[in-house]
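K.L.:
Respectively, the protein sequence lines represent chains A and B. Residues in the first sequence are numbered consecutively from 111, following our numbering. Residues in the second sequence are numbered consecutively from 14, following our numbering.
Read the hints as simulated data drawn from the structure, not as lab findings. Where hints are given, some of them may not hold.
What the hints assert, rightly or not - Once the Cα atoms are required to be at most 30 angstroms apart in a straight line, the calculated DSS-like pairs of lysine-lysine come out as:
#1 B:K47 with A:K727
#2 B:K251 with A:K480
#3 A:K440 with A:K470
#4 A:K682 with B:K269
What the hints assert, rightly or not - Distance windows between CB atoms, simulated:
#5 A:K428 with B:E40: 45 to 53 angstroms
#6 A:T855 with B:F91: 32 to 40 angstroms
#7 B:E79 with A:E860: 48 to 56 angstroms
#8 A:K800 with B:E79: 38 to 46 angstroms
#9 B:P201 with A:F825: 36 to 44 angstroms
#10 B:T125 with A:K492: 55 to 63 angstroms
#11 A:R438 with B:D42: 49 to 57 angstroms
#12 A:D853 with B:D42: 21 to 29 angstroms
#13 B:T123 with A:K800: 52 to 60 angstroms
As the list claims (entries may be wrong) - Over 12 angstroms on every C-beta distance to chain A, these chain B residues come out as not near it, computed from the model:
#14 E79
#15 N80
#16 R121
From the three backbone atoms N, C-alpha and C, an ideal C-beta is built for every residue, glycine too.
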Amino acid sequence: MKKAITIILLTTLFAGAFAQQKISISGIVVDSGTEEALIGVNVVDNSSKYGCSTDNSGYFSMQIVIPTTVTFSYIGYTTQTVQFNNNVSKNIKIALSPNSQILEEVTINAQRSQSGDVASMSIKEIMEIPAISGKPDIAKSLQLMPGISTQKEGTSILNVRGGESGENLYLFDNVPIIYVNHLGGFFSTFNPDIINNINVFKSGFPAKYGGKLSSIVEITQKEGNKKEYKGNLHIGLSDIAATIEGPTALKNSSFIVCARKTFVGAYLMAASAIADQDYIINYGFYDLNGKFSWNPTEKSKLSINFYSGDDYLSMGNKPEGMLDEKYRIKNIWGNTMISAQYQNILGSKTFLNANISYSKYRTLNKTTIKFPNDATPNVKHKFLSSLSSTRSDISIKHNFFNYWNVELGVQAELQTYLPTYNYEEKSKIYLPNLSTYISTNVYFLKYSSIYCGLRANALVSKSYKDYSLEPRAAISIGFSNNHHLKFNYMRGKQYSHLIFTSGNIMNNEVWIPSDNSINPSKVEQYSAGWESSFCNNKFSLSINAYHKKSSDLATYKEGYRNLIGDNYWKAKVETGGKGTAYGIEFLFRKTRGSFTGFISYTYSRAFRTFANINEGKIYPYDFDRPHCFDISASYKINEKLKVSATWTYQTGIPYTPAIGKKYIPILQDDGTTYNIECLIYGEKNSQRMKDYHRLDIGLIYEFKTKRNRDAAWSFNIYNAYNRKNPYFYYYNISNKPEIYTPDETHNAYELKLYQISFFPIIATVSYKINFAGKDLSKINP
Amino acid sequence: MSLRYFSIILLILIISFSSCRSLVTDEFDNFPQKIVVNSIIKAEERINVNVSLTGNINDDILPLVENAKISLFINDKFCEYLTYVGEGNYRSTTIPHENDKISCIVVRDTDTARCSCIIPVKIIPKDIDFFEFVDIDDNGYPLDGLRFTFDNNPQQTEYIEINIFTSDNNMDDRLNFGPAYIENITDPIIQQGGVPIPIFSTEYIEDNVYNVELHFIRSGGIDYSTYDPSTGKYQYIKMPIFIKIANVDRTYYNYKKEYYLYQEARYSDGITDFSGTQNISSNIENGYGIFAAYTEYIPDTIYPK
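I would like the entire structure built from these sequences, with the hints used as guidance.
P.N.:
Set out below in structure tokens:
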């Protein structure tokens, strides 16, 4: 009886799929002009009305009932319909042509149908958001999305749903990038000129992703234009960036190279010279991104990516006399990454993806002091902290039917940690990690789906072993194509802990590995949400609620703020922390028309408990902000002029208040004591700073140059009404920068509470010009 | 680019990264007044206890208590009432010794605070070795080294503070000795404690003998009369070194570490080091303060050759 019921149910659920004359079609959808893969193209079988969308490689696969037509539609491109009559499974390549009429009016909103709790932002949306440097910043734009916040003002660091900043996995074309900030977080390392698409998984991570607790930031790089040479130059007040792309000598191949460099250092050096200081400071950063893509056949693709980005801060004096010492202090920190990816469509239902990559983050400090005519020998100090990851993975995705696909894969990674290295005692720690996963998607009742995944991790090093299973599940119940109810569940584990102090311009990020005394941190998250789009997809609304519990978190022991250069860093690390976070998020978007934008609101709370912090009592997380509200709007005045504005409101971050004062004894060399005042602090993070809010305004003027090149001026005003948002609070006797110090003669002072604010009203301007070469396909058709 | 445009760009940049300091509040909730008892007792010296009261953030003076009644107990036996000697200080006539348990009951009006500590026994190192010129600090000054060898009982935890003093002349006149700058602390036992100050615990030492090495700047500087033209080098004037080794109790050990961290957080430069907080804990029942003890050992003055 049970069997019969099951068969009837299955037959009912998947009735549409059991029709006759089925064939499998699969392939890649590309831009006809550049041959670049298009992500999130809607592919719909017009007979069955079954649809899917292309993935990050532009790949799709589905089964159709012939004869039928399949429509490929993508916002900003002319829709293409293809007729299928032959009873033969097919691999096809669809080239969609950009439609400038539509392109100017709509926003690309990709991947709505994917499982998991995903925040997406199109590169077009990001480009329109006013930015402090005049050039859009990927991370700061993502901070406007519900559930994603930052730490201190101006930083690109992401905190997702009450998680730590080290709990985000930044995947740059499927390769992890470890350090994602420049200038202490004021700039993110992701250059928008090379970004194609961004998705942030806040919960319900696909089983193929692991190793982090809070989010997966999936960034897809652009591919170079396969038909013509193109480029652009972007000059802002703080940096200059250039991109060049085009075909290579190899058929069906292209390259794209993007470089960015700041000239803050030149200002600093000039300022040192103008002020006639006896020292010179130089600061700078650069990024270099590149991608080579080659399609040896229509079914396969090979890509090679590289990224290199460093910050450097150097300081030196200007010795005046022969006897003056000469000192140089140099700090360099950043990432290097190189990877190769191979993709192949096997048959018409199977997609193979293989990657190999190497990624390294390091922070290096060198101090040199030379004493020319002295008894004193020269001084040389070096310090290094690094984390590198050598990784390879292979995955296969097979579509058994339209309503069922399975993906499985294996990932092997060797992480090499050097938490502190002073060139005296080298203590590299190796953590080999093998993960395997399987996941399946089942679609039912036309608009609904179930995703189930399981990830197994084995970490086996000489001194430490750990095995774990991470289940992932997502259910999407569709009431129509436009209304979905979603539920997500996930468990995750992270074997590395990031210890650092937020807001410090000097990099102090140290990654420490799990071992027998520092357990890997774990997370368990439930979330549920509603997603709707209406008025012919002109508007969309999503509401999500979540509850997250994490354990075995690590942070500084109370009072400590830096691990750099410390061989005994373990004495400063507090482990075994627990975290709780919950919240509800709203996002309302208008994606079409001259007027586009979004409103997002998040109510959330995040708490921590550590045995030796705040006397073991629960306290609000350092960046807990119950209310976050963002409104971003963009209005196209005419073909040349676009104006945009963003208003951000956040509850003030918590701080630990001083509640009273007492005397403490200072023991002198002669054995006597005297008293000085000492603040008595209340419970950790028990009060809040003033609320944060700010308005940014942007204006983009696009025009053609005399040589008929596309160019644009971008004018931005950051913090338009000059709100003095608190960066931090401190107690002092006056608002002078010097902090008073009590001593034997004056042991107590009348203290007041002051705030420091950075970032007043800031106006910036930037200029971008595009260069285009000849269309090679027209020269050699 | 003309100077005018350059100046505009520079001005924008300076404004961008300039900070603004403004008053948040000068009014604070009243903090309930509690007794504060502070005393760092040294073996073989009279006990001095300071009594004051807690205050509000915006108080420019913290009240000293002149009318407290302090009962002193040694090894749980009543000994005497301490005598007020001014400035909130109360002194004993009794002299405490190593291993004595010292307790005080401090009564002020209706408030009573209690505290106690045990005076640690004297620690005498097995050896003290002097090494000249073992390292250089970040400013290029040469550092001398002292290695202390101690016996250890793994079953018992000791807390030891080492103070090094150097003289600014080569006479053994202790009035001229000043604290030596102890720098580049790389000794693993001290580093294990988490703060770069010369105080450590034997909690994690399992051997029966251990060493602690400290590097310091000796006062005196360069003797320019020793210039050797063939090498272009000078010699340093070798001044005497005076050492104090204190066996302190756990309260004092924690207090010293917390005080270091408190200072680091409280008096940071406010730009690159953002404000943190560190409470200094108290071992006073129904009050605040530090009631701690130590025993000091002074080895012979070292005269480097």
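K.L.:
Indicate, hint by hint, whether the structure satisfies it.
P.N.:
Now the hints, each set against the structure:
Annotation: proposed proximity of B:K47 to A:K727 holds, straight-line Cα distance about 23 angstroms (limit 30 angstroms). Taking the CA atoms of B:K251 and A:K480, the gap is near 24 angstroms; set against the 30 angstroms cutoff, the hint holds. This hinted pair checks out: A:K440 and A:K470 have alpha carbons roughly 19 angstroms apart, not beyond 30 angstroms. A hinted pair counts as satisfied when its Cα atoms are at most 30 angstroms apart, and A:K682 with B:K269 qualifies at roughly 16 angstroms.
Distance hint check for A:K428 and B:E40: the Cβ-Cβ separation is about 48 angstroms, which falls inside the suggested range of 45 to 53 angstroms. About 38 angstroms separates the C-beta atoms of A:T855 and B:F91, a value consistent with the hinted range of 32 to 40 angstroms. At roughly 23 angstroms, the beta carbons of B:E79 and A:E860 sit outside the given window of 48 to 56 angstroms. In this structure the supplied range 38 to 46 angstroms holds for A:K800 paired with B:E79, their Cβ-Cβ distance being about 42 angstroms.
A hinted range of 36 to 44 angstroms for the beta carbons of B:P201 and A:F825 is inconsistent with their spacing of about 57 angstroms. Between B:T125 and A:K492 the beta carbons are some 57 angstroms apart, a value that agrees with the proposed interval 55 to 63 angstroms. For A:R438 paired with B:D42, a C-beta distance near 50 angstroms keeps the hint of 49 to 57 angstroms intact. A hinted range of 21 to 29 angstroms for the beta carbons of A:D853 and B:D42 is consistent with their spacing of about 28 angstroms.
At about 40 angstroms, the beta-carbon gap between B:T123 and A:K800 misses the expected band of 52 to 60 angstroms. With a closest Cβ-Cβ approach of about 15 angstroms to chain A, B:E79 is found to remain outside the 12 angstroms limit, as its non-interface label requires. Listed as a non-interface residue, B:N80 keeps its Cβ farther than 12 angstroms from every Cβ of chain A; the least gap is roughly 17 angstroms. Listed as outside the interface, B:R121 is consistent with that label: its C-beta sits roughly 15 angstroms from the nearest C-beta of chain A, beyond the 12 angstroms cut-off.
Of the numbered hints stated above, those contradicted by the structure are hints 7, 9, 13, listed in ascending order.
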